[in-house]
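Let the sequences and hints guide you as you build the complete structure.
Going by numbering that gives the first Met the number 0, the first residue of the sequence shown is number 0, and it counts up by one from there.
None of these hints come from the bench; they were simulated from the model. Among the hints, erroneous ones may be present.
[To be verified] In the PhoX-like style, the derived pairs of lysine-lysine whose C-alpha atoms are separated by at most 25 Å in a straight line are: (1) Lys73 <-> Lys84; (2) Lys73 <-> Lys60; (3) Lys73 <-> Lys52; (4) Lys109 <-> Lys11.
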Amino acid sequence: MNKADQILNHLKIVELASVLAGPAVGQFFSELGAEVIKVENARTGGDVTRSWKLPSEDAGKEDSAYYRAVNWRKQVVALDLRKSKDRETVYALIDQADVVISNFSPAKGKSLGVDGATLRARNPRLIFARLDAFGPKSDRPAYDIVLQAETGFLSMSGTEAGELCRMPVALIDILAAHQLKEGILLALLQRAETGQGATVTTNLYASGLASLANQATNYLIAGHIPQPMGVRHPNIAPYGDLFELANGVRIVLAVGSDRQFEALCQMLGLELHPDWETNAKRVMNRSKLIEKLGDMLKLWSWPDFERAANRARIPFGRVRNMGEVFATAQAQAQLLQYENGDRSVRTVAFEISN
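Here it is, written out as structure tokens:
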């Protein structure tokens, strides 16, 4: 067993959050052994994602597959925080808790009596962790796609013809969840040294900006405004370029160094043209390079290419759909199971061992 599975079993977490980002933080702690109590709004029927069902899902099931993605092993209580009796029930839970996760706005949290100041006054050791869309000075509501647009991701995601594409998962939510987890873990470390709780806050906008990485510095340093490039990379070639092999299998190459490109040429029997000697030249002459590689790769079948590329240490990936992904043993090993047999993916992807 992974030692991380029970490493936080001494912690009690109360989750006052819905949709994806906040619940993803709660799931992180649940997977590491913490007791996580999720408080859902009894007045509105609970977390809104319970109803986000695909047409193919069983309409009679209480929970959607979406909801199941980030609510494994949580104890769920349905309460209406506008009612004093239910609020007292929540206070009793939080008075004994280590961490509260909230996505209420400051104004909403205060009106319901579950803002950080109120809860930390009752429990000075409490870590109050809150996230929202645009920060404490804005009460603007938003879902992930709004933040993809506002932080520049949407403008870069799409085809070279200019058709924009939403990232197929709510990645800004996931990034914000990671930021909040890290803040909570640091606050817990600080509490172990000082005995004092803390307030940890983040927002989806800041988390999105913090994750722009090289695309941000491409603009800030070089003045480059990235445009949609499909799967291609603005700084590296061939990287992200798609190719089809002889038997219809689609692959993607991720050649990050001149040495790897030389190995690819050697494997394919391709002469190293002067226009392709360095990554900078390959980026400048990408179109002709990709056309030539496409012609060469059409001569290869999948198993032969896989063996040869692995021997040559060339980074590549096979384009797999969800069925093909979860047919692999490695993906199967990362599954979680609910009591009713539903499955979801473990979100903790690290292991701890001696």
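Do the hints match the structure? See the list:
| no. | hint | in the structure |
| --- | --- | --- |
| 1 | Lys73 <-> Lys84 | holds, 22 Å |
| 2 | Lys73 <-> Lys60 | holds, 18 Å |
| 3 | Lys73 <-> Lys52 | holds, 20 Å |
| 4 | Lys109 <-> Lys11 | holds, 23 Å |
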